[in-house]
Amino acid sequence: MDLSGPRWKKGKDGKDFLALAAANPMSVIVAELNASFISSKPVAILSGPGGGAILGVEPKQAVILNRAAFGHAVEIAAAQKHWFQLSPEEVFYLCHVLNCIRVESRDKKQMSDKQLWNHFRSMSESFPEMYKAYSHLRFKNWVILSYRHHPALVHSEFAVVVVPEGAAFGNRCGRMEVWSDLLCALRASGSVAKTLLVLTISSGSCELSSPDCLEQLVVHERTITRWIPQQRREQRSEASRDEANREELISKKESVEFNLWDTEKRKKDSEEQGSLKDSDELKQKSNKSVAFEPEKELKCDCHPTSAYQSTYPKHNSWGLFAAS
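Be aware that the sequence shown starts at 1, since it is given in UniProt numbering, and climbs by one per residue.
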């Protein structure tokens with residue numbers, strides 16, 4: 001299965017949305033959202049346990065919020081505003097990074113960044129590493145679930161696994177440390193045509209009690225794919241191909257030199273034997289030396305070699321088949 005590039009969706013005319021996405025970069029859309037929201041700063045109200053917040057916006061703001069792929073639209077009858085359900089990571093990103101919304105508790109009290117951080121941490125202990133992974137992808141203009149552009153235009157390319165690493169994360173560490181976890185993740189991502197992206201979040205010696213720790217958290221990206229011998233053979237560097245060709249030429253040259261030397265030797269031996277055959281002494285010796293007849297000796301030496309060479313390609317083919 002080739003996962004070398006994005007799989008763009010197609011419109012009614014049969015053409016993919018690559019040109020449309022190229023004309024509307026996600027970085028430009030997010031900048032437009034920030035400019036539209038920064039003056040009015042719409043209010044997001046925290047929702048119940050496990051949720052993020054509900055954000056109410058004007059119709060024009062709803063269009064650009066949908067284009068930037070933040071939240072999910074919520075249908076409310078006879079509502080003058082458009083409402084969007086935001087995840088905890090989206091709420092904190094819009095409030096802390098873009099600074100374009102305000103967040104209020106359910107009793108209408110405005111919350112600071114630190115209060116919001118503590119609230120989401122109390123709702124989910126994995127919030128620090130999940131938000132760091134989310135913001136890391138958003139800074140690179142990827143969308144939720146690591147989409148290249150809006151989900152309406154392109155299929156997602158990666159299945160993301162977040163792996164915390166460090167004493168600050170406590171017993172949440174240890175994921176993807178055994179082969180069974182890795183193989184399950186690879187099989188699940190491969191079955192839906194996604195490349196497995198592992199984000200390791202290293203805490204070092206920092207504490208997770210405030211948003212200040214985000215600057216100290218380090219993200220390591222690793223893509224894990226299935227090794228396919230045929231693709232790796234075709235993708236060898238030019239230097240390695242030249243080296244392989246040089247070794248092959250040397251091998252052929254040595255083989256030719258050996259064959260020429262062997263031919264000359266046989267020719268010389270044949271001439272010597274031909275001169276001896278004219279003498280009566282050679283005839284007498286040949287009648288007494290049947291055990292050292294050249295043809296029988298040659299057959300005996302070559303038989304084991306030819307049997308080994310006929311077996312080797314089968315063994316080699318089985319090895320490549322098992323590894324692919």
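Worth double-checking, as some hints may not be accurate.
What the hints assert, rightly or not - Under the rule of at most 27 Å between Cα atoms (straight-line distance), these lysine-lysine pairs were calculated in the DSS-like manner: (1) K108 / K41; (2) K114 / K41; (3) K140 / K12; (4) K60 / K114; (5) K12 / K60; (6) K9 / K194; (7) K9 / K41; (8) K194 / K41; (9) K10 / K140; (10) K60 / K140.
No lab work stands behind these hints: they were computed from the structure.
Here is how each hint holds up against the structure:
1. Our distance criterion of 27 Å between C-alpha atoms is met by K108 and K41, whose separation comes to about 15 Å.
2. For a cut-off of 27 Å, the pair hint linking K114 to K41 stands: about 19 Å separates their Cα positions.
3. A hinted pair counts as satisfied when its Cα atoms are at most 27 Å apart, and K140 with K12 does not qualify at roughly 30 Å.
4. For the hint pairing K60 with K114, the CA-to-CA distance comes to about 31 Å; that exceeds 27 Å, so the pair is violated.
5. Between the alpha carbons of K12 and K60 the distance comes to roughly 26 Å, so the proposed pair stays at or under 27 Å and holds.
6. Annotation: proposed proximity of K9 to K194 holds, straight-line Cα distance about 15 Å (limit 27 Å).
7. Annotation: proposed proximity of K9 to K41 is violated, straight-line Cα distance about 34 Å (limit 27 Å).
8. Proximity of K194 to K41 is assessed by CA-CA distance (about 37 Å); at most 27 Å being required, the pair is judged violated.
9. With a C-alpha separation of about 25 Å, the suggested pair K10 and K140 falls inside the 27 Å cut-off, and the hint holds.
10. In summary, the hint linking K60 to K140 is supported, as the alpha carbons are separated by about 25 Å, within the 27 Å threshold.
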